[in-house]
Structure formats: structure tokens, C-alpha cells
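Hints given; two lone chains; assemble the complex.
In order, the protein sequences belong to chains P and F.
Residue 20 in full-length UniProt numbering sits at position 20 of the first sequence; the count goes up by one each step and never skips.
Residue 156 in full-length UniProt numbering sits at position 156 of the second sequence; the count goes up by one each step and never skips.
No lab work stands behind these hints: they were computed from the structure.
Just so it is clear, CB atoms sit at the ideal spot from N, CA and C, and this is done for glycine as well.
It is possible that part of the hints are untrue.
[Unchecked claim] Per the computed footprint, the stretches of chain F lying under chain P, defined by three or more beta-carbons under 8 Å from a beta-carbon of chain P, are: (1) 27–39; (2) 42–53; (3) 420–432; (4) 474–485.
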Amino acid sequence: MSKPFSPKVVTANALIEGDVIYLAADDRWVRSLTEAEVLTDEAVAQLRLLDASARSAEAVGVYLAEVADGLDGPQPTHFREAFRATGPSNYAHGKQAEG
Amino acid sequence: MYRYTDFDTAFVAERNRQFRQQVRRRISGALTEDEFKPLRLMNGLYLQLHAYMLRVAIPYGTLNSAQMDQLALLAETWDKGYGHFTTRQNIQYNWPKLGDVPDMLDALAEVGLHAIQTSGNTIRNVTADHFAGGAADEIADPRPVAELLRQWSTDHPEFQFLPRKFKIAVTGSANDRAVIKAHDIGIQVVERDGQIGYRVLVGGGLGRTPMIGKELADFVPQADLLPYVEAVVSVWNLLGRRDNKYKARIKITVHEHGLDEIRALVESRFAETRAAFGGHDVALFEEIAAQFAPPAFRNAPTEVYDAAYATDPVFRAWADTNLSAHRIDGYAIAQISLKAHGETPGDASADQMRVMADIARRYGHDELRISHEQNVVLPHVHKSDLPAIHKILKANGLATANIGRISDIIACPGMDYCALATARSIPIAQEIATRFDELKIENDIGELKIKISGCINACGHHHVGHIGILGLDRAGVENYQITLGGDATETAALGERTGPGFSADDIVPAIERIVEAYLEHRSGREESFLETYRRLGMAPFKLALYGEETAKKARAA
Chain P
1 MSKPFSPKVV TANALIEGDV IYLAADDRWV RSLTEAEVLT DEAVAQLRLL DASARSAEAV
61 GVYLAEVADG LDGPQPTHFR EAFRATGPSN YAHGKQAEG
Chain F
1 MYRYTDFDTA FVAERNRQFR QQVRRRISGA LTEDEFKPLR LMNGLYLQLH AYMLRVAIPY
61 GTLNSAQMDQ LALLAETWDK GYGHFTTRQN IQYNWPKLGD VPDMLDALAE VGLHAIQTSG
121 NTIRNVTADH FAGGAADEIA DPRPVAELLR QWSTDHPEFQ FLPRKFKIAV TGSANDRAVI
181 KAHDIGIQVV ERDGQIGYRV LVGGGLGRTP MIGKELADFV PQADLLPYVE AVVSVWNLLG
241 RRDNKYKARI KITVHEHGLD EIRALVESRF AETRAAFGGH DVALFEEIAA QFAPPAFRNA
301 PTEVYDAAYA TDPVFRAWAD TNLSAHRIDG YAIAQISLKA HGETPGDASA DQMRVMADIA
361 RRYGHDELRI SHEQNVVLPH VHKSDLPAIH KILKANGLAT ANIGRISDII ACPGMDYCAL
421 ATARSIPIAQ EIATRFDELK IENDIGELKI KISGCINACG HHHVGHIGIL GLDRAGVENY
481 QITLGGDATE TAALGERTGP GFSADDIVPA IERIVEAYLE HRSGREESFL ETYRRLGMAP
541 FKLALYGEET AKKARAA
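One chain only, chain F, in its complex shape (with noise of 0.2 Å):
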């Protein structure tokens, strides 16, 4: 894992003696409100609906055992007793008060985190494949990659003032669990003739236009990416539009100029960046990749775990769903669910991250991964482990076995603290989660997944979801509209609207049609939701949802 060298500790001290210096300032009244906003939000400052929040960036999803429990110590002094980890691998914390946030982020500081370009106008927190390091279809980590780019981005003079805020993910996979299409940049590590290099896209994106990133070059070689990354930021820094911020991500200058003018731009700015750079950043790039080493796996027999896989079924259940193919035999990826049917998707209380730390500790190589679909990775463990990890994990509410199952829902914070939603989300995916428990059908269901967001910002994915809910404001009324086929990975699809939304008390019910629905088409079990939409299209889904009038007019048109 990457250890903060002695500048980024001095940066980062720095920009904290900065922040506590600005809301001493605002608190004396001597920065107004609209002078104070910009300084709150480069550190990831909010203000919600009911308090204020601070958004703590989780660097490419990656932890270590004494961050987690740092993570836990802000959530019981700072906060509620709970934290929220969202869909860019972040964490939020839902009621600090003004006055404590500088101690806050001085208490991440010692152990290697901060909240700066959490928000804003600026490049995000890079993220990245929750299995990079151990996944079995994984060309090479994509870590070192996401660390380059935030020190690159962090704070960079020329990209303070983008457009809008620009959004970078990676993959080391052809299996892109990082949902890379959908973000301003994606990056998937790829190797040609024996080198590695990038395949890069641009211009994905969600909210209110919806877009899938188009690749702009197959194979930017490893020297390379940086100064090329660069050329594409560049462009769009002078290119996108300022005067409307609706207009103003990349996926919008893409679409308005096409690929075609972007990519020769791009290439003739690169020329430039390419020169100025020198080839300082491949030998950061090599010693950032050397602290990316793969911890001392362990050969030793897994007897225990076929033991308890082949005696005891909630093991077996739990097995089933919530691990995940490891590259080194005897190994596996084991991800902990945040969403108990009924519970807040994504939050975990102080308790439960501590649990989660020592099992780190323990058993884990120290490490922890926030997916984007809002669960914790164990990255590497023994099977030999998993048996005892369960254990803990089931006696303090973390063994929920359903990862990729109908109650894995991505929700945002939606109207219940957003200060920007339309509607709630949380509630929705505690009724579904609690119906489709109370109905028994999950496993026979299969992978399903359902993402939901409080408003057109789509923080909660609905535009790539399996079945996508999209909570609005209709004269006063939560109403929610639902997508179909939406597809979050390497054959990312942007879900269609069957036709008028739901009220609050319908759409639980309106989902269940959906999925009666599929039960009763689907050619097998062994064909998914998404399969079986793909196959037969909107027309048996709008019929359950709104009767035969309707889905009558669906045909003719």
C-alpha cells in the first residue's frame, strides 16, 4: 500500500492549518458565506439538508486496518456513531458541526487520509477496481496508476478552475468492475506485444445526459499517460463550457465536437505535455508501483473451509455469493456486505468498521477495499480463514449473504440528507431489500441489480442499473420512474424508461411485477435479468407494469 512520503504529510498539514485558519475566519464573521463556500468545498466541506457533511476521499477504494478504525473514531466523535461509504469509494459523515472539522481532518491526516478535491470544480478521487491486486482476470494493479494521477491531480495550478468537477476511474481488467465508461476519463490497463499500456475512454458520464465513454485511443504506452491524461484535461479545461454548467462535463464537449476533433486536439496538445514532462513521472510511477507489491501469500491446505462449505448452509450461502475468484490458488476475494435487508445501503457503524479493521488485521494482509456498489472487499484471504472470518462477521451483522442479489441496491443519500435530491432513496431500498427477504426469492432470482438515485444527478447509478429507480418532484409528490437494461460494465448500456413513474407506495410493488415478470420468461435460471431483457425487450415488462392498454400503445408506436 502506498505510505504517504514526508511531502504529501507536510501538504496535506498544510492545507489543514489552512482550513482550521478559514473556518475560524467564517465562524468570527470575518469570510462571508460566498467567500467561505469555495474554500469548505476543496476540502469536502457540505452544508445538507439537516447538517453539514464531510466527504473523506478513500483514494482508488483502498484502506488499511488502522485507517478503518480512524474512520470509526471520527464516526463516534465527530459524528452519529456511523459512517456512509458512497458510490466514488468515498466515505461521508452525515452531522459534523463546523466548528470540529479541522480536528476531523487533522485526525485523518495521522494516518494518511484527507478530504481535499472532494468536491468542486476539480479532478475527483480517482477509483478504481475494488479487487485490483487480487482479482484473477487482472492484467496488472490498477493502483499505482490511481495514485500517479492524484498526486498529479491533487491540487494541479492548471485544473483548479475546470469546468466542472472530472471524474477519472481504473481498471487492470477487461472486466470492468469500475464502471469506467461511465466516468469523464476511464482507464483500462491493457498489454500489447508484452508491454502495458492504457487503453483510455472519454466522455462517460450520468446524470441529466447520459452518455457511455467512447474510446479515444486503444494503447497509450506506460510512459506515457500522464502526460497524455494531461493533454485530454487540457483541452477540455479551454474547450468545455462555462456557460452552462449543464453543458459543461466532457462528455458534453465530446458530443458537441465529436470524437474525431477532440482526439486530434488532444494529440497536438500531447505533443506539448509529452516534451514538458521529462520522465520525472515514470520513475514516481516505478516507485509508487514498488509500494504496490503484493503482500506474502501463503501456501497452506483449505480443508477447513471444504469442511464448512460442505457442513454448514448459511457458510455455503454466504460463500456462494459474497466471494469472488482470487489469482493465487488457496486464495480468495471476499466482499462484506453493507446491506442488510432493511438497513441504510453503504452506512456501517464504528463498531462494525472496527470489526472489519481487525479482521484485516488478522486475517486480511491489512487491507480493505469500498467497492462503488457501496460493500467492503476483504482482498485477500486464505480459505483456510474464511470459516473463522465468518464467524465475526455474522455476530456483528455483516454477513449478509447477497452480493449481486436484488437487496445489494446502490442508493444514495437521496431527500433524506441531500441537500440536492428530489426524492428519498434510502427508504425505497430498505422496502425492497425487506420484500424480496419476506418473499424468499433472491437466490432463485439470481444477479440482479438494482441502483437508485434521489434525484437526476444520478449519484446512485440508476442509468446503468439492471432495473434503475429515479426518485423526482411531481407536484409536490416523491414519484419514481424506472429503467430497464442498464449495464454498469464492460458492455455498459444505459437503461430505457418503461413509461410513467410510481408514487412512493407503488414502486415496491411495481418492482416485484417487474421481476415476476422476468421469473415467468426468463428461458432458465441460468438466464439473468439482463439477459432475458436483452432477449425480449421492453414489451413483457411494460405488460406487468401497466396492464394490457398501455403495453398495446408500446407496440404500435
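With the rest of the complex left out, here is chain P (with noise of 0.2 Å):
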């Protein structure tokens, strides 16, 4: 039996400010994690990191990133994602000082 497909977001950096944005249910581009779309079907997922990956003049190294689902939303699994959520640890800027 294959594994079970865990749940996943589509990230990316934008490209003219170059900080992580996550692909939100209706299309949109959202800098904060839990607006992302949580897609839990393999072949909707590789569908909207397609689409995705085809919007190159917004978005710059399109990829699935693994997701936890809960209360709040997504939660990052990993944690290169968790930084890449919230910013670096050294000062507080980033999304975490963005509110």
C-alpha cells in the first residue's frame, strides 16, 4: 500500500518582493500561511501546482510544501517551513512583524 498523501500548500517567493506567498482556495496570492488552500488530494494538488507554477510573472520556485491541518489552519511540519512562515529568529522582521 502506498503511503497516505499528506496535506499539502502551494508556496512560493513573489517576485518583486520576494517573500513567501501561499495559494490561496480562490487563486489569490496570500503572504500569511493559514489563508492557504489545504489540498489533501494528490492529483489536485499536482492540478494547482501546475497552474501555479505557470503564474511565473508573480511568482518565482513554485513548490508543494507539507502542512499540518489544524484548528488555526495550516501548520508548517517542518522546520524550514516554520521559518519561512514567520521569518528569521535574529530580529523580528519578516512576516512576523508584519502582523
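Here it is in C-alpha cells:
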């Protein structure tokens, strides 16, 4: 039996600002992980990834990141994604400063 | 200091004009990211974890006050008010927006700075001894060589698509402060029968396959340097592996083919390049060297310094750690530590940059240096000015007295910024510095260099740290491996792994146990950590880290 598909979000960096963005269910790029669309079906996830990757004038380096689907929306499962979702740990810069 | 010629100015302006158009076409959608990426990398622009990052070259680590002021302006105008000085004497801005980068590059060009070839598979910024021009042990200033190499390598048509990046470092002293043995080519100025020449090392490098550079030539005459270096890069350009980027660096080429074969190939290619160069390079070198004439040193009494040293313990502590011998009597080389305890190694705020620029202007013959150890250097200060300089530094959080001490840590940006990182470096450095500051044993420990990298690529030079720390991702958790016995100087050595790594919570106590073991086992205060390690080997440190069982196994093995 193949491994069950773990929930994912589509994420990238914004072309102009360079900051971390996520794909929302209504196709908007959003700045906060909690607003991202959680994809639980592998086939749908691949389609969303393809569509998002085609938006090359908006986003760079599009990929699927694993999340845990919690009560407060998607949460990062790996520390790299946790840093992307908040910002660096030495200064209160990046997303954590934007509130 | 080198001043741009009309050619240099026009060249940089043209590159900036081209890049402005390239950015415009990327934003309009006319260029895809695949098309744009190599273009932005050629101009030092990366896309990192949270934002773009612009890496600005500081050739051979030398800046004047106007340039430092301009770096401050960039930090304030287009970044978040600070910049990060790196282990290759560059400065990185962590938060620029794509559309602003052309303006940043134009602002840099106003003061003779650029970001060309700070990335990509090209010859990168040539680094040099940060004491160049002032060091008491110097045979000749290495910077004219570095500038000659910079002009030769910039946009060199043969070397724009090398198998991999290529790094060159130059030292003018036998005491190596430029880590030349960990560079693709390391150049040491030497003197033979009254003639200046160069000892050329090849195949050093850190990263996933660390190697110490090997001597390719013991004496290349001054006039032959450029054709000789061109021959080396040219041989590697054809031979270097393009099938596997992990085997592409010249250290692997030298390792696979052997030093003798490489030397024979270089000699044969050198016969061609030497004939082709025709002496223009020698004339150019003379022109460049003339611009690095020493400043007008003054002869003045040093009583003010002596009095401050005798009466002010804070000044004395700073003078003892942060000053080095200058070749002129009455002068000193002063290091400004960017390693305040608990702060990010190598970071300076725009205000601090302006303070350092102002000190250089008023007291330092308008010269500043950036060291690969991520500190700033005032290479020529008269001792009588040091009490005044120290006072200004103190008022601006820049008077930390810890050069060469355990808190003077090299750390790469790690996973707080870098897209390649596998773990964080900065918080580990901050915690170690804070902890040893609390213990108040830094001066008792003496010289101890900790170097931290957040991934195998080793930007934090962990292999050559007396204590090296490598951050890895072990099953989704940050894990830190320790190496001991590394050395970045003329007696370069690669550190040896102690054993299993430590979690982010356990790494600082582990470092503390190593230091306690050193203090317990050293023969006396005058025996440094590295000397103790070389005398006793790994065993006492393994015991301190892992306890009796593991240490026994290690002895049996």
C-alpha cells in the first residue's frame, strides 16, 4: 500500500518583493500560511501546482510544502517552513513583523 | 587606494544599464525566471528564504569612508537599516525588492562599488589579508595583485561559464590571515634573492569535500603571475567536471588527476599564455601598485595612549585583544568587533557604518577593511588617537574586546536567511557568545576560534575552526555536529568530527564541556586550545562530550 498523501499547500516567493507567498483557494496569492488552501488530494495538488507554476510573472520557485491541518488553519510540519512562515529568529523582521 | 579609471566607470555603468533593462523585462513578463536567474546571479542577486539578497563585492576587503557611508545609505534606503559582512569580505543586504536593485547598483557605482561576479560559476571577488598595507610581517601589499586579478577576471570571456565558482585569495605575509589554503587558488607574496614573486597553491576548499591547498609553484616571478593564473584556470576550465556539480571544483580535479599531472598541464598552457600576454599586464600592475602607496604616516608621541593603557582597564582590555602590530612605529592596526555578545555576527547598522566611516576619515587615513572573520579593521591608526577612537566605538556599541576570543565567532546566515541552509547558525553563535560572557572566562580561555556553518557548503568555515559546528537537518530536526582541531592559518588543518551531533538545545552545553576539558587539561595559560588539542588528541574532549562508554569505544577503535 502506498503512503497516504499528507496535506500540502502551494508556496513560492513573490516576484517583486521576494517574500513567501501561498496559494489561496480563490487563486489569490496570500502572505499568511493560515489563509492558504490545504490540498488533501494528490491529483488536485499536482494540478494546483501546475497552474501556480504557470504564473511566472507573479511567483518564483513554486512548490508543494507539507502542512498539518490544525484548528487554526494549516501549520508547518518542518522547521524550514516554520521559518518561512514567520521570518528570521535574530530580528523581528519578515512576516512576524507584519502581523 | 585604487580609483576607478574611465574604463572601469563606463564598464560598471553599462552593466548596470543592462541589468536595469533585464529587471524591467522580468517584471513585465518578457523574461521567465529560468532566463532571468543567470542574469541576476551575474549581478549578485539571489532569492533567499524570505526575500531577495544582494551581495556587494568589497574587493580585497578594502573600503574608504565614502564607500562605507554609501553602504549605510543602501542599508537605510532599500533594506532594514543594516548590512551583513560575510566570510568573503563582501556585504549582503537581506531585504531588497527586485525593482529597487538597479537603483542600489547605481548608488554603489557612484562610489566605485559593484556586485559583479559575486555569484555564479565565475571567478569571484578576490580576497586578501585584511591587514594588507599595515601588517608588521608583510613582504609586500597583496592588494595590487588582488586588483590586477579583479580587472583580469571581470567579464573575462573565457571564464564566464566555468565548471563551478572559483575563489582566489592573496596574502602578503607568511602568517596567513586570508585562509589561502582553503581557496581554489591561494597566492602568497614571497621574496627570493631580492625579487618579489608568488608561491601559488591550488585545490584548497571547504564545502562537502574539504581539502587543504597544495603547492603548485614555489616561486612565480611577478611578471608571470597573470599568465600563470590564467593557465591554471584555463586547464581546469577544460578538465573540470561538468557532469556533477559536487565534483566540479578544482580541488576535485587536482585530487583526481594528481598534482603532478596538473602541474605539467599548467606548465604547458603557461608557455602559451605567457607568450600571449605581451607585457601589458606588467605595465598595468605597476600603475595599480602606484595607487596603493602607503599614506603619509606621522611621527608623533604616544603618551596619550600609554596613559590610557595604564589607567583605563576597559581601554586596556580592548587594546590587548583588538590591536595588532603595525609596520610603522607608533601606529597600530585596530579591529572593530562586529561580534557584540548576543548580536548577529557580522551585522552592522547604518549608524554604525557611518560611525566607522567617520573614524576612518578623522583618524584612519580614510581606510577601512572587512575581514573574512566578519569584523571591520582600521588598518592605520596612530596610537595617540586610539583612546579617542575607543571612546567613539564604545558610545556606539562597537568596542567589544573579543577579537580571537571564543565569542568572536564566524557564522554564516544559516536557515534564518539562506535558502540552501539545513539549520540555523546565528542563534547558536548568539547563545555561545552570551553564555561565555556570563561565565566571564573568555580572557582566561584565550585564543579560540569557533566557526559555524548552517549547511555542508561551509560558508561559515567550520572545517577550519578550532571548534567547528555544522548544522544539519536530521529527520526534520536541527542537529549540530562538532569538529575539533581545525586551523585556518599557514598551518591549516581540517577539524576532526567528535562523534554524534547535538540538538539545538544541547549544543551550547556541549561546547561548554569542551572548553572545561581544555581548561582542565592545558599545560598552562600559555597553551592555547589548539595546542592542547594537538598535544592530547580527541580523547579528553570525547570523554567530556559523550562520557566514559563512548570514549572507551573510541579508544578501542
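Do three or more residues of the region 474–485 of chain F come closer than 8 Å to chain P, measuring C-beta to C-beta?
-> Contact hint for the region 474–485 of chain F vs chain P: holds, 3 residues under 8 Å.
Count the residues of the region 42–53 of chain F with a beta-carbon closer than 8 Å to any beta-carbon of chain P: does the count reach three?
-> holds (count 6)
Count the residues of the region 27–39 of chain F whose CB lies closer than 8 Å to any CB of chain P, then report whether that count reaches three.
-> With 5 residues close enough to chain P, the hint holds.
Are there at least three residues in the region 420–432 of chain F whose beta carbon sits under 8 Å from a beta carbon of chain P?
-> With 4 residues closer than 8 Å to chain P, the region 420–432 of chain F meets the three-residue bar; holds.
In summary, the structure agrees with every hint in the numbered list given earlier.
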